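S.K.: Chain by chain, the residues:
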Amino acid sequence: MKEFDDIRDDQIRVIGYTKSKWVPSSNLKRYLISAIIIIVLGILIVVLVKIRQSTLYEPEPALFEPEVAYITSEPVDKGWIGSEIDSTAAGFTEIVDTTINDIPLRIYIPHNAQMTLHLGKLDKSDPEIIFAAQAADVRADNGGIVGAFVLKGEQKSRGLAKRGYCAIIDDKISIGVAENTPLFEESTAKGGYFFRQYPLVDNGLLVDNEPKGKSIRRAICDRKGEILVVESLTQESFHDFAQVLVDLGVDNAIYLVGSNAFGWAVSEDGTHHKFGDENILKGRRGLPKNTSYVVWRKRPPYKIK
Amino acid sequence: MKKHIVISTSVDLVRIAPERVVYVASDGNYSTIVQSDGETRVLTFQLGQIEKIMSEQLGSERNTFIRIGKSLIINRSYIYYINVQKQKLILSDNATFSHSVSASKEALKQLKELLEEDIK
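Going down the list, the protein sequences come from chains A and B.
One point on numbering: in the numbering used here, the residue at position 160 of the first sequence is 160, and numbering is uninterrupted.
One point on numbering: in the numbering used here, the residue at position 7 of the second sequence is 1007, and numbering is uninterrupted.
Certain hints may be false.
To be verified - Below, simulated DSS-like cross-link-like pairs (lysine-lysine); rule was C-alpha separation at most 25 Å, straight line:
no., chain 1, residue 1, chain 2, residue 2
1, A, LYS152, B, LYS1052
2, B, LYS1120, A, LYS172
3, A, LYS224, B, LYS1052
4, B, LYS1088, A, LYS190
5, A, LYS121, A, LYS289
6, A, LYS190, B, LYS1086
7, A, LYS224, B, LYS1070
8, A, LYS190, B, LYS1105
As the list claims (entries may be wrong) - Listed below are several chain A residues computed to face chain B (Cβ distance under 10 Å; list not exhaustive):
no., residue
9, PHE4
10, VAL14
11, GLU94
12, GLY225
Calculated from the structure, these hints are not laboratory results.
Here the structure is a predicted model, which means the values were calculated and not measured.
All C-beta atoms, glycine included, are put in the ideal place defined by N, C-alpha and C.
Given the sequences, and given the hints that come with them, work out the whole structure.
M.R.: Set out below in structure tokens:
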């Protein structure tokens, strides 16, 4: 499979040739065609001679026709946690509850939906939203966003407070761990999204973090190309939560705001499953204006350009 | 029988004749097939997986399709216009549809050379 992804944007490849830039010249083509014709003619002559010889000793006809073997395409099993969904179905969030290492988990898998970031108050009644959870941390002293943050190509915050990152560029979600990543510049150049959070899993390996307390933990994860949000249903340390993600088979994961941070998921039957504390919005000061969210909205039907 | 591209998941199956595929575009973790009848279909496959399926199922007909960079597979039968400088590629049947897609200059240059080789 890797060979099919092994192509750069400045390369082309005729399907069937795994080596990129392979462009047969017309002379080479002629030689190839001539060689193939000669080989085929040779094989035909040999086969004809054999047939003539074998007709002298032709066996009795078989009582039953030999069975015909049919080759059918097997469904492709990508080993994802979420179900395969009809591509024409409306967007929703699949919710899977499981337990790993005695830690109960809830896994949210958005289907047929498009992920973006949102900054500021989020409309809970928006029928297009099928999943929302708080993304970047907000500074307690001045209410600023912690770490670099790009919203639709506009840089809202800069800095490297946390090494984990999530970028959404041309609808492709990238989660990883790096102090410097070109995805930050690319997200500003291409109208994308970018935020930073604590790294939890880096290429299948656990990443330890400083904070040692226990809390409800949430993370956005990439597992074999499937994007998931995982929530611990009990209070856990960063280390134990990251270990659970590793055991779940996650390749890359970064933290999302945990504890009582409010969010919700809309399941296939339209039910809103809320998490965190909804009333946190009703406090005297309300949420900081720089509160940010990862948001999945129902994917719009595709139109011809 | 004529070969079809069959893309099967545990839920559904898409079966499409190769000549009806104008192009396939990468859409993050999904791919979008744009058909000659104007229909589009989003599939939960990455573009590399679609390329693998085409490569395995189409036999010699797979040469009709060309992977361009990371985000595009096109049907060479529908290439109508290439402008390397403007990074523009138009796929059309000159009758019912015309799709403009973009690719890198280097990729389009190679595509142009490939088509020029074909007529020699």
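S.K.: Indicate, hint by hint, whether the structure satisfies it.
M.R.: Taking the hints in turn, this is what the structure says about them:
1. Of the supplied pair hints, the one linking LYS152(A) and LYS1052(B) is violated, its CA atoms being roughly 33 Å apart against a limit of 25 Å.
2. With a CA separation close to 40 Å, the supplied pair LYS1120(B) and LYS172(A) exceeds the 25 Å bound.
3. Among the hinted pairs, LYS224(A) with LYS1052(B) is consistent with the structure: their alpha-carbon atoms are about 17 Å apart, no more than 25 Å.
4. With a C-alpha separation of about 18 Å, the suggested pairing of LYS1088(B) with LYS190(A) holds against the 25 Å cut-off.
5. For the proposed pair LYS121(A) and LYS289(A), the alpha carbon gap of about 7 Å is at most 25 Å, so the pair holds.
6. With a C-alpha separation of about 18 Å, the suggested pair LYS190(A) and LYS1086(B) falls inside the 25 Å cut-off, and the hint holds.
7. The straight-line distance between the Cα atoms of LYS224(A) and LYS1070(B) is roughly 18 Å, inside the 25 Å bound, and the hint therefore holds.
8. Among the hinted pairs, LYS190(A) with LYS1105(B) is consistent with the structure: their alpha-carbon atoms are about 18 Å apart, no more than 25 Å.
9. Interface restraint check: PHE4(A) against chain B, minimum CB-CB distance 4 Å, threshold 10 Å, status holds.
10. For VAL14(A), the interface hint holds, since its Cβ comes within 10 Å of a Cβ in chain B; the closest pair sits about 6 Å apart.
11. Checking GLU94(A) against chain B: minimum C-beta separation of about 13 Å lies over 10 Å; hint violated.
12. Checking GLY225(A) against chain B: minimum C-beta separation of about 6 Å stays under 10 Å; hint holds.
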